[in-house]
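Asker: Residue strings, one per chain:
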Amino acid sequence: MIGLNYKTAPVEVREALAVPGAAIPAALARFHALPLAEAVLLSTCNRTEVYAVGLDDADAMGALVDYLSRLAEQWHGRRIKRAELEPHLYKHQGLSAVEHLFRVSSGLDSMVLGETQILGQVRDAYRDATQAETVGKVLHQLFGQAIAVGKRAQSETRIGQNAVSVSYAAVELARKVFQSLEGRRCLAIGAGETAKLTVKHLLASGVKEFVVANRTIERADNLAREFGGKAIQLHEIPAYLREMDVVISSTGAPGYVVTRQHVQEAVRLRRGRPIFLFDIAVPRDLDPEIAKIEGAFLYDIDDLQAVVNANLAERVNEARLVERIVADEVDKFRSWVATQEVVPTIKMLRDKVEAIREQEVARAFSRLPDLTDRERAIVEAMTVTLVNKILNAPTQRLKGMADEGIANQAIETVTRLFDLHRTEVEPAKEGGVAR
Amino acid sequence: MIAQLVTFAAGGSAVLYTLSAIAHLSLIARREYALLARWSTRIAWVIQSVGLALLVIEQGRPPVYSLFEVSHLLVWALTTPYIVIEFLQDNQAAGSFLTPVIAILLVLSLLLPKSGVEPYLGDQPVKLIVWHVGVTLLGYAAFIGSFVAGALYLIQDRNLRRKSFGPIYYALPSLESLDIWAGRLIYVGFPLLTLGVGAGLIFAHVTWATIWQSDPKVLFTLFVWMVYGAYLLMRKAWGWGGRKAAWWVVAGGVALLVNYFVINSASQLHRFGV
Chain P
1 MIGLNYKTAP VEVREALAVP GAAIPAALAR FHALPLAEAV LLSTCNRTEV
51 YAVGLDDADA MGALVDYLSR LAEQWHGRRI KRAELEPHLY KHQGLSAVEH
101 LFRVSSGLDS MVLGETQILG QVRDAYRDAT QAETVGKVLH QLFGQAIAVG
151 KRAQSETRIG QNAVSVSYAA VELARKVFQS LEGRRCLAIG AGETAKLTVK
201 HLLASGVKEF VVANRTIERA DNLAREFGGK AIQLHEIPAY LREMDVVISS
251 TGAPGYVVTR QHVQEAVRLR RGRPIFLFDI AVPRDLDPEI AKIEGAFLYD
301 IDDLQAVVNA NLAERVNEAR LVERIVADEV DKFRSWVATQ EVVPTIKMLR
351 DKVEAIREQE VARAFSRLPD LTDRERAIVE AMTVTLVNKI LNAPTQRLKG
401 MADEGIANQA IETVTRLFDL HRTEVEPAKE GGVAR
Chain Z
1 MIAQLVTFAA GGSAVLYTLS AIAHLSLIAR REYALLARWS TRIAWVIQSV
51 GLALLVIEQG RPPVYSLFEV SHLLVWALTT PYIVIEFLQD NQAAGSFLTP
101 VIAILLVLSL LLPKSGVEPY LGDQPVKLIV WHVGVTLLGY AAFIGSFVAG
151 ALYLIQDRNL RRKSFGPIYY ALPSLESLDI WAGRLIYVGF PLLTLGVGAG
201 LIFAHVTWAT IWQSDPKVLF TLFVWMVYGA YLLMRKAWGW GGRKAAWWVV
251 AGGVALLVNY FVINSASQLH RFGV
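Line by line, the protein sequences give chains P and Z. Taking the working numbering as reference, the numbering of the first sequence is continuous, increasing by one, and the terminal residue is 435. Taking the working numbering as reference, the numbering of the second sequence is continuous, increasing by one, and the terminal residue is 274.
Calculated from the structure, these hints are not laboratory results. Take the hints with a grain of salt, since some may be wrong.
In silico BS3-like links for lysine-lysine, alpha-carbon gap of 27 Å or less [to be verified]:
| # | chain 1 | residue 1 | chain 2 | residue 2 |
| --- | --- | --- | --- | --- |
| 1 | P | LYS200 | Z | LYS163 |
| 2 | P | LYS151 | P | LYS332 |
| 3 | P | LYS137 | P | LYS91 |
| 4 | P | LYS208 | P | LYS196 |
| 5 | P | LYS151 | P | LYS137 |
| 6 | P | LYS292 | Z | LYS244 |
| 7 | P | LYS200 | P | LYS230 |
| 8 | Z | LYS163 | Z | LYS236 |
| 9 | P | LYS196 | Z | LYS163 |
| 10 | P | LYS137 | P | LYS352 |
| 11 | P | LYS208 | Z | LYS236 |
| 12 | P | LYS292 | P | LYS332 |
| 13 | P | LYS292 | Z | LYS163 |
| 14 | P | LYS389 | P | LYS91 |
| 15 | P | LYS332 | P | LYS137 |
Assemble the whole structure, with the sequences as input and the hints as a guide.
Answerer: Shown next as structure tokens:
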């Protein structure tokens with residue numbers, strides 16, 4: 001494989017090589033002109049990578065570098081010389097390329113560790129390449145496994161589980177207080193960008209009612225209309241507070257917009273049902289004293305940042321488990337490649353024995369013309385079972401030996417033992433084989 | 001021979017439950033020992049069930065006549081629903097907090113007087129005693145569950161307030177669901193305790209022609225009953241919940257355990273005929 005990502009290339013280079021979604025089929029079509037057996041193009045805003053089979057010689061590598069530089073020219077009208085591109089590129093061969101792809105698909109190589117978007121992008125790249133018919137047996141296996149690695153990382157570890165953005169962290173914290181956000185009410189004080197984003201997340205998690213309070217009612221109206229909520233004025237907040245489960249405040253007001261008394265009263269009326277308050281404004285909108293009230297949970301912007309940091313640390317921790325999954329899958333791939341060597345031999349062996357079986361069954365049936373259909377079916381099934389049972393062990397052993405790295409020796413032995421080069425078998429003399 | 005097997009099963013399951021508790025606790029931080037946690041619990045449960053069955057066969061009576069026997073029943077009543085739920089939902093989170101309690105109960109029970117002697121009660125209705133102990137015990141199991149939920153509520157509340165986001169914070173469910181579970185379990189436990197105590201009172205009435213024996217355990221149980229009754233009343237009447245309610249549940253659980261382990265030895269009636 002060959003490619004560049006956010007670690008090796010500045011954004012000017014990355015953007016030049018980013019292939020827009022609509023142009024992917026055309027870009028893939030150009031692989032057919034290269035001396036490659038199979039190829040997949042993975043292009044996101046953080047990376048552009050080509051996974052190809054048949055890259056063993058330097059010429060093919062060189063052709064791919066040219067290919068990449070032509071991408072920039074074609075889609076962005078930028079000329080990037082090979083020498084300019086070269087220092088930003090990384091190249092992996094064999095199993096190290098496999099490992100690289102698995103790390104990419106599991107999110108280990110992502111800018112935000114453990115993010116899951118990349119898995120979808122790998123899946124899309126694979127799908128596009130399959131449609132463009134640039135994928136063969138090896139890349140089918142490789143990408144199938146890469147997607148499996150991504151799924152395993154998500155299901156077996158906690159790498160992608162916790163929020164790594166402030167607005168999502170707020171939603172996640174609320175989930176540790178409320179069993180579910182389904183049907184909750186939420187109040188946004190101020191109509192800033194972070195508030196908007198948080199409201200969006202909250203609504204996506206099932207929050208039912210949404211009220212926005214702002215100094216200028218027009219802006220509140222705008223936000224309320226955008227998300228289907230209700231707009232109120234700042235002085236109306238205390239009256240609404242008792243019905244609210246989640247409060248997000250982000251005004252530019254110099255003093256406290258909500259005081260301890262307001263919340264105290266609300267909590268009293270809520271009879272211990274907790275209320276969750278986020279203060280993402282600087283200077284703060286919510287009186288820090290609110291945190292002392294039982295049943296009120298107050299978080300300021302620093303607290304949310306701390307959650308994000310803790311979550312990131314947790315992801316770094318989980319990454320070690322993901323590394324293990326990657327190593328495990330790389331080994332599986334290696335063993336798949338190894339067994340591929342013996343697949344033709346296994347096929348020859350099976351074909352030969354199958355031909356003998358068919359021939360002998362036909363011979364036996366011609367000698368026993370009185371057999372009923374049922375009896376014929378039984379005899380036929382018996383021969384199939386016989387062949388399968390006898391061939392099972394050699395098939396497994398052949399794969400096992402290939403896995404141990406002695407494929408050639410295994411192939412040689414089996415070929416000689418079963419005389420596999422003389423493939424022609426006498427044709428069955430008589431027909432009438434019951435099927 | 002059977003007696004030895006019973007002791008062996010009790011000891012073996014205690015060791016396995018301790019292992020399971022350690023494995024479950026490690027799950028809070030890492031998932032490495034998930035299989036060990038699951039299977040040690042299951043195997044411990046099987047061994048314990050066999051032990052209980054052997055005990056019944058050996059004695060030819062229900063295992064309700066010593067604190068050791070009753071503790072085993074109690075642990076069994078706690079683990080059986082957990083194992084079923086864990087199997088159905090494939091979720092081991094509750095185990096991290098339940099198995100330590102189970103292990104402690106079981107290890108403590110090993111230190112308690114073992115063999116119970118069936119008290120001579122003439123022609124009295126022995127079945128009532130079995131009902132009295134059995135039903136009360138189920139109530140205890142539910143209350144211990146609520147005790148765990150309440151304690152976890154307080155831990156999670158503290159995590160949220162101190163903004164300490166460690167592994168326990170991630171492992172625990174939301175405050176609201178802990179509150180709901182504590183309440184549910186008390187809703188289940190309270191009628192069971194009431195029925196169990198009722199059976200005891202009827203027994204006393206039939207046996208001693210009085211329903212009121214001024215016995216410390218009877219008095220203390222009445223107190224525990226009122227603690228839980230008050231909780232349910234406040235919950236029903238004003239939708240009580242939150243941190244104070246969690247403290248209440250924890251206090252109730254402590255009272256229950258004190259009643260079980262401490263008050264019991266001061267009681268004349270409930271001494272299991274030593």
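Asker: Hints first: check each against the structure and report whether it holds.
Answerer: How the hints compare with the structure:
1. P:LYS200 <-> Z:LYS163: holds (24 Å)
2. P:LYS151 <-> P:LYS332: Measuring from Cα to Cα gives roughly 16 Å; hence the hint holds.
3. P:LYS137 <-> P:LYS91: With Cα atoms ~22 Å apart, P:LYS137 and P:LYS91 stay inside 27 Å; holds.
4. P:LYS208 <-> P:LYS196: Given that 27 Å is the threshold and the Cα spacing comes to 16 Å, the pair holds.
5. P:LYS151 <-> P:LYS137: At roughly 21 Å apart (the allowed maximum being 27 Å), P:LYS137 and P:LYS151 satisfy the hint.
6. P:LYS292 <-> Z:LYS244: holds (14 Å)
7. P:LYS200 <-> P:LYS230: holds (15 Å)
8. Z:LYS163 <-> Z:LYS236: Not satisfied, since the Cα-Cα distance of roughly 32 Å exceeds 27 Å.
9. P:LYS196 <-> Z:LYS163: With Cα atoms ~24 Å apart, P:LYS196 and Z:LYS163 stay inside 27 Å; holds.
10. P:LYS137 <-> P:LYS352: holds (24 Å)
11. P:LYS208 <-> Z:LYS236: It holds: about 26 Å lies between the C-alpha atoms, which stays within 27 Å.
12. P:LYS292 <-> P:LYS332: With Cα atoms ~55 Å apart, P:LYS292 and P:LYS332 exceed 27 Å; violated.
13. P:LYS292 <-> Z:LYS163: holds (13 Å)
14. P:LYS389 <-> P:LYS91: violated (45 Å)
15. P:LYS332 <-> P:LYS137: holds (15 Å)
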